[in-house]
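Chemist: Put together the whole structure using the sequences plus the hints.
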Amino acid sequence: MTINSIYILNKAGTLIYQNDFGNTEKLSHNSYIRLGSTFHSLHAIASNLSPVSGSSSGIEVIETEAFKLQCFQTHTGIKFYVIADPNHQQLEELLHGVYELYTDYVLKNPFYEIEMQIRCDLFDYKLLRLLGVRE
Amino acid sequence: MSKAPANIVDRPLSKGKNEINISSFAFLFSEMIQYCQDRIKAGHELEKKLSDMGYSIGPRLLELLCVREKNSKRETKLLGILSFIHTTVWKSLFGKPADSLEKSTEADDEYMISDNNMVVNKFISLPKHLSSLNCAAFVAGIIEGILCSAEFPARVTAHNVAVEGKRFPKTVILIKFNPEVIERNA
Amino acid sequence: MIYNIYIFNKDGTCIYNEDWNKKKQSQNQSEDQKLLFGMLYSLKAFITSSSPKKIDDKTGFHCYKTSTYKLHYYETLSCIKFIIMSDPNVPDLRDDLKKIYSQIFVEYVIKNPIYKPGTTVKCDTFINQLNLYLKQMPSFSS
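Those sequence lines, one after another, are chains R, Y and H.
Using this note's numbering, read the first sequence as starting at 1 and increasing by one per residue.
Using this note's numbering, read the second sequence as starting at 1 and increasing by one per residue.
Using this note's numbering, read the third sequence as starting at 1 and increasing by one per residue.
Worth flagging that the hints you see were computed from the coordinates, not collected in a lab.
Don't take every hint at face value.
As the list claims (entries may be wrong) - Computed beta-carbon distance windows for the label pairs:
no., chain 1, residue 1, chain 2, residue 2, range
1, Y, 176, R, 27, 50 to 56 Å
2, R, 100, Y, 106, 39 to 45 Å
3, R, 86, H, 137, 20 to 26 Å
4, R, 75, Y, 72, 48 to 54 Å
5, R, 25, Y, 103, 52 to 58 Å
6, R, 86, Y, 27, 35 to 41 Å
As the list claims (entries may be wrong) - Subject to a maximum C-alpha distance of 27 Å in a straight line, what follows is the list of computed BS3-like cross-link-like pairs (lysine-lysine):
no., chain 1, residue 1, chain 2, residue 2
7, H, 44, H, 10
8, H, 58, R, 68
9, R, 108, Y, 48
10, H, 44, R, 68
11, R, 68, H, 98
12, R, 108, R, 11
13, Y, 170, R, 126
14, R, 126, R, 68
15, Y, 122, R, 108
16, Y, 176, Y, 48
Values in this document were obtained by computation on a predicted structure and should not be read as measured data.
Even for Gly, the Cβ is constructed at its ideal location relative to N, Cα and C.
Modeler: Below, the structure written as structure tokens:
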């Protein structure tokens with residue numbers, strides 16, 4: 001099952017990590033930033049539109065004919081979302097795995113400044129291993 | 001449950017707990033590096049700072065290991081102290097002996113201890129402008145502290161060495177003894 | 001459980017909106033309708049540019065899900081948008097939306113000579129038929 005892209009947004013909605021896998025078409029860096037903040041606002045509006053009282057999580061899954069988007073928001077407000085094949089079933093587990101790698105190889109790295117762009121070789125490497133992508 | 005003797009000196013020496021949580025260590029070590037980074041002017045000073053922090057641990061660790069080791073004796077031979085570091089010190093610090101101990105082929109006074117998966121570097125990715133830095137400078141400092149207090153004065157530094165077929169370099173601790181140590185041992 | 005239905009004409013005006021099993025009193029109905037339409041508009045643009053493959057503008061988007069509700073989406077070739085919000089566990093309702101369009105909306109609204117295309121739907125037969133259809137669905141109130 002193909003995984004196309006992974007995005008990480010900080011709690012202000014700024015894109016701090018993005019990577020495409022396989023033969024996914026690359027966009028310009030600015031388009032990725034724009035897509036990230038668009039998703040951040042869609043997520044917030046969707047939770048406002050809830051027809052049920054009580055707080056709503058915001059968008060967890062988007063299903064389309066070409067892909068499926070799964071989002072996981074941590075209690076600290078960081079959003080991880082993945083774009084994958086519409087029939088992929090294990091996206092939730094995958095995002096938890098990415099979160100775990102983030103806490104290990106990003107947060108424990110003394111050279112990482114919190115809330116900023118993630119540029120950690122070890123994180124990239126472990127992420128590819130997690131996805132089973134060959135370099 | 002047996003009752004512990006009331007007097008502390010009557011109790012056997014405790015072996016000490018030899019495992020700690022890797023996350024707690026990683027966070028502490030990360031804070032140490034950030035603390036050092038705030039107090040330096042140029043990149044290369046970071047290694048010096050870390051090494052200095054390690055240096056003060058060396059003599060204390062040597063003392064502790066001598067007390068805890070069974071039939072420990074004072075090492076007077078160069079190879080003796082090196083294998084003590086390679087095995088005993090490494091085991092107490094990292095729970096396993098180092099991967100290799102070699103004599104340099106280029107210089108008579110240099111020895112190398114290498115470790116393929118340095119625990120202190122487990123979560124660290126170096127930024128581009130510091131790619132030659134190795135945070136195991138802290139461990140090098142500990143080794144230097146041990147050697148100097150055991151009367152084997154030396155300069156100890158940590159280096160990244162690329163390994164063929166591996167994505168990430170291994171850590172080599174380079175020990176360069178002072179001339180008098182080599183002379184004495186000859 | 002089905003919470004509500006929205007129908008938007010091609011200009012983005014809400015021409016029909018009804019709530020069932022209501023759990024929250026909305027402060028401002030027309031504000032909500034505008035917010036929903038605006039959100040769907042940017043959501044579709046987001047989907048088009050995020051998609052790894054070429055995606056159809058009308059049939060591309062199926063649904064999205066949050067912890068409290070699920071939004072089902074169906075858009076006709078004439079750009080009329082049918083939206084149902086249900087609880088998150090309801091399976092895909094796009095076929096039902098399609099039926100509501102072709103068998104109820106076209107029959108009782110479009111074919112009604114008094115109805116002016118693009119205006120708010122007030123036809124009683126449509127409202128009755130729509131309620132009949134939805135209330136016989138197993139997921140309506142369960």
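Chemist: All hints, please: hold or fail.
Modeler: Hints and how they fare:
For the pair residue 176/Y and residue 27/R, the beta carbons lie near 51 Å from each other, so the given range of 50 to 56 Å is met. The hinted range of 39 to 45 Å is satisfied by residue 100/R and residue 106/Y, whose Cβ atoms lie roughly 43 Å apart. Between residue 86/R and residue 137/H the beta carbons are some 25 Å apart, a value that agrees with the proposed interval 20 to 26 Å. For residue 75/R and residue 72/Y, the hinted distance range of 48 to 54 Å is satisfied, since their beta carbons lie about 50 Å from each other.
Against the hinted window of 52 to 58 Å, the Cβ-Cβ separation of residue 25/R and residue 103/Y comes to about 54 Å, which satisfies the hint. Hint check: residue 86/R to residue 27/Y, Cβ distance near 40 Å, so the stated range 35 to 41 Å holds. Distance hint between residue 44/H and residue 10/H is fulfilled; the C-alpha atoms sit about 15 Å from each other, no more than 27 Å. About 17 Å separates the Cα atoms of residue 58/H and residue 68/R, which keeps this hinted pair within 27 Å; it holds.
With a C-alpha separation of about 22 Å, the suggested pairing of residue 108/R with residue 48/Y holds against the 27 Å cut-off. Note on residue 44/H and residue 68/R: the hinted pairing holds, with a Cα-Cα distance of about 14 Å set against a maximum of 27 Å. At most 27 Å may separate the alpha-carbon atoms for a hinted pair to count; residue 68/R and residue 98/H meet this at roughly 22 Å. Straight-line distance between C-alpha atoms of residue 108/R and residue 11/R comes to about 19 Å, which keeps the hinted pair within the 27 Å bound.
In summary, the hint linking residue 170/Y to residue 126/R is supported, as the alpha carbons are separated by about 17 Å, within the 27 Å threshold. About 23 Å separates the Cα atoms of residue 126/R and residue 68/R, which keeps this hinted pair within 27 Å; it holds. Taking the CA atoms of residue 122/Y and residue 108/R, the gap is near 9 Å; set against the 27 Å cutoff, the hint holds. This hinted pair checks out: residue 176/Y and residue 48/Y have alpha carbons roughly 16 Å apart, not beyond 27 Å.
Violation of the numbered hints given earlier is absent; every hint is satisfied by the structure.
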